[in-house]
Amino acid sequence: MEETTAIPTNPKKETPLLDRSITTREVIFLLAVVFCLSPLITPPIALLMGLVIAQFIGHPYLHLNHKATHILLQVSVVGLGFGMNVTSAMKAGKEGIVFTIVSIIGTLVIGFLMGKFLKIEKKTSYLISAGTAICGGSAIAAISPVIKAEEKHISVALGTIFI
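Counted the way our numbering counts, the sequence shown spans residues 1 to 163.
Check before you lean on any hint, since a few could be wrong.
[As the list claims (entries may be wrong)] In silico SDA-like links for lysine to any residue, alpha-carbon gap of 25 Å or less:
| id | residue 1 | residue 2 |
| --- | --- | --- |
| 1 | K123 | A92 |
| 2 | K119 | V156 |
| 3 | K91 | V78 |
| 4 | K67 | L47 |
| 5 | K119 | S155 |
| 6 | K152 | L62 |
I should point out that these hints are in silico values taken from the structure, not numbers from a laboratory.
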């Protein structure tokens, strides 16, 4: 009599794209992404829509979130740079350099002290302070790899700055 052995299954192995069905949650999420990327919706409305979907439907691709966030933040910073008029930036910089330096340093110091007073995690406090002092999301994107911020720190800082 022949003995048969069961082939162990790997639960972490992903199924091929054609062999799986798409859930309603995934369809809603993908439609929202397409809608938010279209010119039909303003950034504040897209942000609000993302918050509502995250709260009530959830993120079906959470395992890809860190990689996507990292890439999108870097692309956004580069895009902001390409959108700047260098001549105007240099002229404005010459006229207000002292005010700019004092404002940035003051905001960073006050933000750090408020973070200590409110007992906020250091990395989150640094990111919020930098985002407030410099340029919002682009500052957070630039500083987060330097201080080795985790996804939760970046998410809280971005939410605080944009909301």
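Right, here's what the structure says about each hint:
1. K123 to A92: Judged against 25 Å, a Cα distance of about 31 Å means the pair is violated.
2. K119 to V156: 14 Å, holds
3. K91 to V78: 21 Å, holds
4. K67 to L47: 19 Å, holds
5. K119 to S155: 18 Å, holds
6. K152 to L62: 13 Å, holds
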